[in-house]
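Novice: Read top to bottom, the protein sequences are chains H and U.
Each residue of the first sequence is one higher than the one before, starting from 1 at the first, in my numbering.
Each residue of the second sequence is one higher than the one before, starting from 353 at the first, in my numbering.
Keep in mind that the hints are not guaranteed to be accurate.
Claimed, not checked - Between beta-carbon pairs, the in silico distance windows are:
| no. | chain 1 | residue 1 | chain 2 | residue 2 | range |
| --- | --- | --- | --- | --- | --- |
| 1 | H | Pro63 | U | Ala517 | 44 to 50 Å |
| 2 | U | Ala517 | H | Arg185 | 52 to 58 Å |
| 3 | U | Thr360 | H | Asp254 | 55 to 61 Å |
Simulated from the structure, these hints should not be mistaken for laboratory data.
This one's a predicted model, so the numbers in the text were calculated from it and none came from an experiment.
A virtual CB, placed ideally from N, CA and C, is assigned to each residue, including glycine.
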Amino acid sequence: MNRFDYVRAGSVAEAVEAAGAPGASFLAGGSNLLDLMKGGISRPARLVDITRLKGLDGIERLPDGSLRIGALVRNSDLAHDGYIAQRYPAIVEALLSGASAQLRNAATTGGNIMQRTRCQYFYDPASACNKRDPGTGCDARGGESRLLAVLGWSEHCVATHPSDFCVPLVALDAVVEIEGAAGRREVPLEMFHSLPGDTPHIETVLAPGDLIVAVRLPAEAEDFAAHARYLKVRDRTSYAFAVVSAAAGLRLADGRIAEARLALGGVALKPWRARAAETRLLGREPTDAAFRDAATTALAEATPSGDNAFKIELARRVVARALTLAARGTPERLPALPASPFADSFGELAHV
Amino acid sequence: MGIPISLTVNGTQRRAELEDERVTLLDLLRERWDLTGTKKGCDRGQCGACTILLDGRRVNSCLALAVSHDGSEIITIEGLADGDVLHPVQAAFIAHDALQCGFCTPGQIMSAIGLIREGQAGDDPERVREAMSGNICRCGAYIGITEAVLDAQARIDARQALVKAA
């Protein structure tokens, strides 16, 4: 780990100004940043500690029915909030399927969105990586590529975004509130992360000094509470990143799908909203055939970036199963293994 | 000139001058204060051997910068026993043979105490295993660990019920 200047910000304005300096990073939970610094992947010249900032650790319902989650709200606090579980169950399932209990106690809402890829070539300073060191090449191409991207990748970068939390967030039209040198602005989460193109080192829309202060869910995000699931296939049962995951939400009326939400994780460098597949489901009955059809649409543009063609078929099956589970109904209590395909007990349904 | 910080560790206030801002809570505990019960396994948040309670919640102390946690309250494995009387989770680990080499055990026990405080797992072994997945045991003592956590939780619940009744 390199030496750095440590600045404890006393206000959001102070934090934004301090982090505008070259090489500065914000420090919140530190669960990803310190890991990257220990590996020599991130070498910030300055850490701006935002953990003492007031007003960023609350969850509040706004008058228009939207929900505002402060950037410093811990993953575990959000996941164990009964109000959230009742209205946004796929978010809770995604959160509880991510990392470990210890990490969820440290990791924050803003930090989860800002976490870096777990591509092992990005993590290995001895490997060429256009994201870590622009212009050096990509050793992941032609390397151990089974877990890498099948959508939105480029010849310069085939990494994936590792977040579980972001998958239902993007499905539910979450908006990111950002405080910057020019004041407050909002960006839909769907537009927040950048696809690699020929600039994989540019990961988000944030400019130097820009601070995520909150994530907001619109009022309509509650409409899917009765039929919302997150499904995550991993290489081991728990405490592993997604090989492929999907968040599915349905609004059913008169036995037909009135509205559908679908997003995938582990397949691209951003949480992947599958809008064409959502449209495809409108007005149809929630049947296996409809869900398989939606899955085909969701992966229509997928191509392997290496030895990972299996992920395309796996993603289709994960999508179809997530939709099937969502149609069956949100369980009253999450299964013992949240989001796991091995969770075989569904128990009582909520919202019936 | 170092950075002065102050922490409450196992009920005692401790102060340190950090000449290096990179010091983690784990290194501060082990290297400055000789509280070596908290173990350094991977040092990257993957194994859970360094688990402590930080302001009442289980975290990986290897991924926490000491300077960022100035003023916090920490409980480590050294702070559990009351003299010669073990904490119920410590006693349950012995009773259920929940260890072999013992290296991961302090982290397992601190994590188990965090789990019991969270109150989410109930008496379901699958939920306990899931909630303990951030603690790796290379000897594979997981069966004993799960039994120990369930047993300790039942004892703590029973004790609290008695206190309430009285």
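Novice: Run every hint past the structure and note whether it holds.
Specialist: Each hint tested on the structure:
no. : hint                            : verdict
1   : Pro63/H x Ala517/U: 44 to 50 Å  : 46 Å, holds
2   : Ala517/U x Arg185/H: 52 to 58 Å : 57 Å, holds
3   : Thr360/U x Asp254/H: 55 to 61 Å : 60 Å, holds
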